[in-house]
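Next come the chains, spelled out residue by residue.
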Amino acid sequence: MFKRLKLKRRLFILSVPIFLIISGVALYTNQIFFFSEFKPLVEIRYNLEDSGKLKELLDRTSQLNNVASVDRINNIIQIQGRSYDDVKTNIQDLTKDYTGVIFTVKEISSENKGALTALLGGLYVLLLAGAAIHFYFISSKGGELKIIIGSYVVLFVNFTLSLLLSLGLLSLVSRYYKVESLELLLILISSILTYLLFYSASEGIQDIKNFQELGQKYKLYISKVYRSIIVIVFILLVVVSIGLGTGFVIHALALFAFILIAIYQSYWNSYLMEDWHNLQNSFRTKISTIRNSRKKPKNAAPKVSVESKKKDKKKKKKK
Amino acid sequence: MNLKVFKFTLVIILLVIFTALAIPQFNFTIGDKQIYYPNIDFSLIDKDSKTGNFVRGRGLYPSKEVRSTLEFSSIDLINSDKSNLLANYLQVVRQRITVAGLKDVEARSEVSDLGYSLVINYPDYYSNPVSYTKLLTGKGKITFASFDSSGQTGALDLSDREIQGQVSINFISQLGSHIQFQFTSGKKAVLTQALTASSSSQVGFFLMDVDNNEQFFIRQFEQNDATSLTVRAIPVNYSSGESTDKSLTLAIVRSYFLNASPFKDTFTTEDSVAIIPSSFSPDGTKFITIMSVVALLILMLAAFIRLKFEGGIKFTLMVSTFVAITVTFLKYSNAALSIGTVLGMLFAVGLVSLLSWNLVSEKDEDANELNYKKYLNLSFVLILLSIFLSTIVKGVSMFYDFIGVILMSGLVLTFMSFFSFKVINYLSIKRRKNV
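Heads up: the protein sequence lines correspond to chains A and B, in order. Residue numbers for the first sequence follow numbering that gives the first Met the number 0, beginning at 0 and rising by one. Residue numbers for the second sequence follow numbering that gives the first Met the number 0, beginning at 0 and rising by one.
FYI, nobody ran anything at the bench for these hints, they're computed from the structure. A quick note: this is a predicted structure, and the numbers were derived from the prediction, not measured. You may find that some hints are simply not true.
Said to hold, decoys possible - Here are the simulated DSS-like pairs of lysine-lysine, each with C-alpha atoms no more than 27 angstroms apart in a straight line:
1. Lys362(B) to Lys223(A)
2. Lys223(A) to Lys307(B)
3. Lys145(A) to Lys421(B)
4. Lys421(B) to Lys140(A)
5. Lys223(A) to Lys285(B)
6. Lys307(B) to Lys208(A)
7. Lys362(B) to Lys373(B)
8. Lys218(A) to Lys102(B)
Unchecked claim - Covered by chain B, according to a simulated footprint, are these stretches of chain A (three or more residues, beta-carbon under 8 angstroms):
9. 6-19
10. 27-34
11. 58-66
12. 183-191
Where a beta carbon is used, it is the ideal one built from N, C-alpha and C, also for glycine.
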C-alpha cells in the first residue's frame with residue numbers, strides 16, 4: 000500500500016513537468032493561440048433566401064481550411080491564417096452553384112496584440128516586484144534567509160507554471176475554438192488567485208527551519224482552503240452563468256478549469272517542497288552511483304549476476 | 000453600551016445605509032409626483048454621477064458602431080500599400096483613444112469590396128458616437144489664425160509643432176475646461192502680435208482651427224501666461240458649462256498634439272449608427288441582478304448549514320457588508336455595468352467569501368488576529384495590483400472594468416480588515432447571553 004502511495008506521489012510530481020512540456024509544445028506550434036481574436040481574420044457573410052441552400056452553403060464553407068468560427072444564426076464564417084484574396088477566390092468558386100446568393104468578404108484587423116504582451120509581461124513584473132517587497136518585509140522580522148528566498152522562488156515558480164499550464168490548455172483548445180480576450184481575463188483571475196493563495200500561506204514563515212516544513216505548511220493551507228474555493232467558485236459560476244445566458248457557459252467552464260489548474264499546481268508545488276530533501280538525496284545518490292560505476296576499481300570483486308544469486312539460493316534450499 | 004456593542008451597531012447601521020444605496024434605481028408615483036429612489040446627486044464628486052445607477056457597459060448591453068471610410072489622396076496605390084496605410088491610421092486612432100482616456104472604446108480596420116474603413120465600437124452609454132468618430136478619425140490638422148478688431152481673420156506663423164512641454168486639460172471656473180499649452184520662445188513676437196490684433200476687445204485672443212470642424216479661442220489668463228508663452232484653447236461651440244461631450248472633444252483634440260503629422264488622407268464618417276447586440280445576458284440585466292442575489296443567498300445558506308447559526312449570521316454580515324459598500328461606491332464612481340464588472344464582482348465576492356469563511360470557522364482568537372493582518376496585507380496587494388495593471392493594459396476595454404472593481408474591492412477590504420471583520424466576528428450570541 001505504501002509503495003503504491005509512493006508511486007502515486009512520484010507520478011503526481013512527474014505530471015506537472017509532462018503537462019508543462021505539452022503546454023510548451025502547444026504554445027510554440029500554435030504561435031500561442033491557433034485561432035484567436037489577436038490575429039487578423041477574414042469574415043464571410045451570406046445572404047440567401049432559400050434556407051436549405053444557405054445551410055448547405057454554410058456547411059460547404061465550414062469545410063474550407065482554417066475556419067475559426069461558424070455563426071449559423073447570422074450566417075457568418077470567420078477564417079484565420081489565410082489571405083483576403085485567397086478566401087475571396089475560394090468563395091467565388093463555391094457560390095457559382097448558388098443563384099441569388101449575396102456575399103461579402105471582409106478582412107478584419109486583430110484585437111490589440113499589445114494588450115496580451117503587456118498583460119503577461121506586466122503580471123511577471125508585478126509578481127517579481129510585489130513578492131520581493133513582501134519577502135523583504137518578512138526577512139526584516141527575522142527568520143532563515145534560505146527559507147524566505149525559497150518561499151519567493153516558490154511563489155514565482157507557482158505563478159509562472161500556473162500561467163503556463165492555463166495558457167497551454169487554452170492553446171490546445173484554440174485549434175477548435177477562437178480564443179477571446181475574455182479568456183485572458185479568466186486566466187488573470189485564476190493567476191491572481193494562485194498568487195494570493197501562496198501570499199496568504201507565506202505569513203509566519205519566520206519560524207520555519209527547512210523546506211520540508213515549508214512544504215507541509217503550504218500543503219496544510221491549500222488542503223484547508225481548496226474545498227471552500229471549489230464550492231464557492233462553483234456556486235457563484237453556476238448561478239451567475241444562468242443569469243448571463245448560454246453564451247457564458249463555455250467561459251464559466253474555462254474559468255473553473257483554470258482554477259482547478261491553479262489548485263493542482265499549488266498542491267504540486269507544496270508536495271515537491273515537502274519531498275525536496277528526498278529528491279535531492281536520491282538525485283545525489285544516483286549521481287554518485289553513476290560516478291562510481293564509471294570509476295572501475297583495480298581490485299574490484301567480480302560481478303555476480305541476479306540469476307547466479309538465485310541459483311545459489313536454490314542450491315542452499317536443496318541442501 | 001460598551002465600545003464593542005457600539006461598534007457592532009455602527010456596522011449594522013452602515014450595512015443598512017449602503018444596502019439602501021446599492022439597490023438599483025426605481026420609481027413610483029404618489030399623486031402626480033414621480034419619485035425616483037435612490038436619487039442622491041453625487042455630481043460634485045463626479046459630474047455624471049447623479050442617477051444612482053451603473054452606466055450601460057460592454058457585453059451586457061448592445062454596443063454602438065460607427066464606420067469611417069478612407070478616401071486615398073493618391074490614385075497610384077496598390078492594394079498592399081492601401082492596407083499598410085489603413086493599418087498605420089488604425090494605430091494612430093488607437094493611440095488617440097488611449098490618450099483621450101476612452102478606455103472602453105475599441106477600433107478595428109475592415110477591408111472589403113466597399114473600401115478601406117475603420118470601425119469604432121462604443122459601449123451603449125456614449126451619447127454621440129458619430130461626432131466622436133469624426134473627431135477620432137479626423138486629420139488632426141491644427142492651424143492658427145489671427146482675429147482683428149474688424150472681424151477679419153488671417154493666417155498666423157504658428158503651428159502645433161512649435162509647442163514645448165506638456166499639453167494638458169485644465170479647468171478654471173471663469174474659462175471652464177480648456178486645453179493649455181506653451182509655445183517655444185522663438186514664437187514670442189508672433190504670439191504677442193496675434194494677441195494684440197484683437198485689441199478692441201477687453202481680452203486679446205486669436206483662433207485655433209481643427210480640421211475646419213472645431214474652433215477654439217486662444218487666450219492668456221494669468222500674468223504668468225504671458226511670461227511663459229502659455230496659452231489656453233477654449234472651445235467655441237461649447238458654453239462655459241461642463242458636459243461629457245465637451246470633455247471628450249477636448250480630450251480627443253488634445254491627442255492631436257501628440258502626433259507628428261496629420262493624416263494625409265481623409266476619412267468620411269457615416270452618419271448612421273449600427274447597433275451590435277450584446278454577447279451575454281439575453282434576458283436583461285435585471286435577471287443577472289436576481290441571479291447574483293440568488294448566488295449570495297445560496298452561499299449564505301451553505302454557511303448556515305456548515306458553520307451553524309452563529310457562524311452563518313457572521314458570514315452573512317461580512318459578505319453582505321462587503322457587497323453593499325463595494326456596489327455603492329462603484330455606482331457613485333460612475334462605473335459601467337459590463338461583463339468585466341460582473342467578473343470582477345465574482346472574483347471579489349468569491350475572495351471575500353473565502354476570507355470570511357476562514358475567519359468564522361477559526362476558533363482560535365490569536366489565529367484570527369493574525370488573519371486580520373493577513374487580510375489587510377491582501378487588500379494592499381489588490382490595490383497595488385489594480386493600479387499597476389491599469390497602467391500596463393491598454394487597448395482591451397474589458398480589463399479596465401475588472402481592474403476598477405478590484406481596486407474598489409481592495410479599498411473596501413482595507414476598511415473591513417481594520418474594522419468590520421473584527422467587530423462582526425466579536426458577535427457571540429452565547430457570550431452575550433452569559434453577560
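Outcome of the hint check:
The suggested pairing of Lys362(B) with Lys223(A) holds, with an alpha-carbon distance near 14 angstroms, which does not exceed 27 angstroms. For the hint linking Lys223(A) to Lys307(B), the alpha-carbon distance of about 19 angstroms falls within 27 angstroms, and the restraint holds. Between Lys145(A) and Lys421(B), the direct Cα distance comes to roughly 34 angstroms. Violation of the 27 angstroms bound is thereby established for this hinted pair. The suggested pairing of Lys421(B) with Lys140(A) holds, with an alpha-carbon distance near 25 angstroms, which does not exceed 27 angstroms.
At most 27 angstroms may separate the alpha-carbon atoms for a hinted pair to count; Lys223(A) and Lys285(B) exceed this at roughly 36 angstroms. Restraint check: the Cα-Cα separation between Lys307(B) and Lys208(A) comes to about 38 angstroms, which exceeds 27 angstroms; the hinted pair is violated. This hinted pair checks out: Lys362(B) and Lys373(B) have alpha carbons roughly 17 angstroms apart, not beyond 27 angstroms. In summary, the hint linking Lys218(A) to Lys102(B) is not supported, as the alpha carbons are separated by about 41 angstroms, beyond the 27 angstroms threshold.
Judged by the Cβ-Cβ criterion of 8 angstroms, the region 6-19 of chain A is not covered by chain B as claimed, because only 0 of its residues qualify and three are needed. Residues of the region 27-34 of chain A with a Cβ under 8 angstroms from some Cβ of chain B number 0, which does not satisfy the need for three, so the listed coverage is violated. Counting residues of the region 58-66 of chain A whose beta carbon lies closer than 8 angstroms to any beta carbon of chain B gives 0, which falls below the threshold of three, so the coverage claim is violated. Look at the region 183-191 of chain A against chain B: 6 of its residues bring a Cβ nearer than 8 angstroms to a Cβ of that chain, three or more, so the hint holds.
The structure is inconsistent with the numbered hints 3, 5, 6, 8, 9, 10 and 11, although it conforms to all the rest.
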